[in-house]
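K.L.:
Chains as they are written, first to last, in this note's numbering: chain A, 1 to 146; chain B, 1 to 705.
The hints are simulated quantities; they were obtained by calculation from the structure and are not laboratory data.
It should be emphasised that the depicted structure is a prediction, and the values quoted were computed from it without experimental measurement.
Cβ atoms here follow ideal geometry from the backbone N, Cα and C, with glycine treated the same way.
One thing to keep in mind: the hints can contain errors.
What the hints assert, rightly or not - Among the chain A residues that face chain B by a calculated CB cut under 10 Å, a handful are:
hint : residue
1    : A17
2    : I25
3    : L85
4    : K107
5    : P108
6    : I111
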Amino acid sequence: MSADRKYRVLVVDDEAAVLLTYQLILERQGYEVLACGTSVQAIAAVQNERFDVVLCDYSLEEQHTGFEVISAARRLDPEVPAALLTGYATKETADEAANRGIGVMFKPIEIEEFLSTTSNMVRRNNESKQEGGEKAKPAPQNEHQG
Amino acid sequence: MATAEIRFSSARMNGRRTAQPRRPAVLRLLQAERSEEIFPLLLEEIIALGYPRALVMDVNLDSGEVTPAAAMKWPQAQLEKFSSALWMQDHPLIGVLHAARPEVLGKGALYSRPLYVHPILYSNRNLCWEADRIRTASCLAVQNFQREKRVRLEDQVCSTCEMRAYAAAVVVELPKGHTEQRVAELGELIDLANRYLSRLFKVEHYYNRMRDMEITIAQMGTVMQSMADPVILTDTQHRVIMQNKAAERFFRVPDEMTEGLVRAVEFNNLLFSAALSSMLVSGSDSHRDLTLVDAIEGEEMLFEAVSAPTYGPDGIQLGTVTVMRDVTDLRRADQELRLNYERLSEAEEVVRQDRDRLNLIIENVGDPIVVCDGKAKIVLVDPLAQELFGTETDVVRDTVQFQNQTKLTAFIDAFTASFNDRETAPLRLFNPALRQEIEYDARSGKIFGERGQVSYTVTVLRDLTALRRVEQLKVERRMLEIEKFAATGRLAATIAHEVNNPMEAIKNAIYLLASAIPENASPVYNILKSETERVARIVRQMLGLYRNTEQVKPVNVNTIIEDTLLLLNRQLQRANVEVQTELEVLPDAVIAADQIRQVLSNLVINARDAMPNGGKLRIRSRHIPGYDDLHGWVRILIADTGSGIPPEMIRSIFEPFVTTKGERGTGLGLWIVKGIIQNHAGKLSVKSRVGHGTTFKIDLPVVKL
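Work out the full structure, taking the sequences as your base and the hints as a guide.
P.N.:
And the structure:
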């Protein structure tokens, strides 16, 4: 990967309006964003492309869950940071997420929290890759400070 | 009373005296020192005067017999002639004696020759000493001398000195050619002798009396000494004249006594003297109780002293005689008796009160009560039990009561025979008022008799259905409340969930539009932004309740309190809120720490918001042990000095969307607090005074592991 490329974010949400706003916010922040409205789309995407971070709604169309998408993404890149975006999580869901190293952000999400969590995940992943000999540019800064 | 007896020496009877120059008869008679010497001397004088023979006949005033007492020159055989008795009125000698005057009995009247018979009688010219002392003239001796009354030989006892007189007759044979003058001389001689005799007789009488008195005194002394009770004779100055051995034990100081006992004796004397004085003053009441110390044994003894004045023969009081009765044991017994009586009365009173109280209790228990005897026969029922079983005296019962009674009797029979002192068992009885069979909780106890046998059984019947119904209602109400809360929660969560996604889009859109808003539209934009944030908060709170992301585990609540305060420390400082904590040592509670943290942070933030101008926030925790060792509670108190909650609001503060904070509040904080505490099977309550502050109390159950 080149040093000055944009970080790539996969955002998945079955609510089109929500998906679009996430995409716009992340793009404004300087990320390269792929937005998917269904798990099928998303899984297809992660089978071909690598992402720096995967942000995925928990409950997707027809009983599909965000876990499926993240699992698919990690088949290509086992280290890829991922977070579930959800309004409601059962204890089992939260436990499973924790066990698999998946973050959880509860909707409604404070935008500052949303952006800082995302950039932290990207940076941490990048640093661990740097230790493996790769050089990475610093994570983009938040547009809104304070 | 002693009686002077005329005694004479038989040796001299009929004896001859050697001729000596004769002294006048008066002087010879004066030589007599004893009364019995008088008659021999007199007879000698009579013979000396030239009379052939003479004798003295003595009158026994008791038997009335007249017998020869002394004789001179008279043949023994002839003396019998003169023996007679006072009742022989025809006897010449007796006639002379009754007439009490000397007489000459002619030849043949009694004897072959004429006789001069001179009766003599105890007589004196002067009053005896006793008559003299009591100034009375009724002295027998003087009466006899003066012959004021006719002399009665049957009545010869002095009414004053009780002296028994003597009577006799001197019989002299008259020689031939006796002259009246010579007979008169003879009479004078005999009278003279009688006068001496009377004097000697009187002296002897007093001597005898003295001797008798000595004997009496000795006897009395023996009696007094042999009395076991102390007897004391005192003079008018209370000085002891005489006391018996029993009294000496208390009032006399023997030589070998210790100082303490000497003091005891002195004290006894003092007490006794005081008692005597008081008895003397009170006059009529001559009984006193005295506590004296036994000088030998050293014991205290209680005496009842009875005193009586002693009077001399002249009626003047000489002193007091006091007899003391040892009543130590008597009084002790008396006291014990009285004490026992008092105790008995008290006990009786207690029993009476107990019975009254018991009756009152029985009347007010509100449950049927049945008392049965040892044979399970009903002896007492309260009005409620009467409805079930009928009265204890009624023989006629309706069938329902009869059936009930059969069931009860079966139960009581078994219980009476069992070894249990008390027993509780269910008993199904038909209740006539409710017209249905009801399950009662029969609680029975035994009352034992003196020999340990069952005298009575007492059975209280509790209507379990009513109790159970109440219990069930309570549970139902609570379940309903919990269900209602849960349903509300579910509904709220569903709404929140549905609102959540559109809300997310709106919120994000507003964020994205920020830079594209013209300046004149920015106030509207700001409203849009802040109101959206508010909705977001509400949704977040509602969903938060269902984000059970954490497992329950044993946690020390104190650490949660400390964590929460640490987290909110800056906010509280900025709001000028002073925090005081009193955290006691707590057992771990099995809780979801995050949820309890949310409870605490909600309550702390509420407290802060209630004190816009600063104030005090006090958080206390303590352990409240339960009734057993195992269970208990952890109590958390969160108190502020803020504005307080108006009374009309306090009932609804735990309901959702109720807030005192206006626009800033979601109205969900306390609703969530309540939900979490209920999920923990805890208790939550609030007290508040407007203007003074609010205190929340949380009790979380703890179980010893």
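K.L.:
Now, for every hint given, state plainly whether the structure supports it.
P.N.:
Hints, one by one, checked against the model:
At about 4 Å, the closest approach between the beta carbon of A17/A and any beta carbon in chain B falls short of 10 Å, and the interface hint on this residue holds. Evaluation of the I25/A hint against chain B yields a held restraint, the C-beta minimum of about 6 Å falling below 10 Å. For the restraint placing L85/A at the interface with chain B, the shortest Cβ-Cβ distance is roughly 9 Å, inside the 10 Å limit, so the hint holds. Contact between K107/A and chain B, as hinted, is supported at the beta carbon level, the nearest pair being about 5 Å apart and thus within 10 Å.
Taken as an interface hint, P108/A checks out: its beta carbon lies about 4 Å from the nearest beta carbon of chain B, inside 10 Å. At a threshold of 10 Å, the smallest CB-CB gap from I111/A to chain B is about 5 Å, leaving the interface hint in force.
Hint violations for this structure: none, all hints satisfied.
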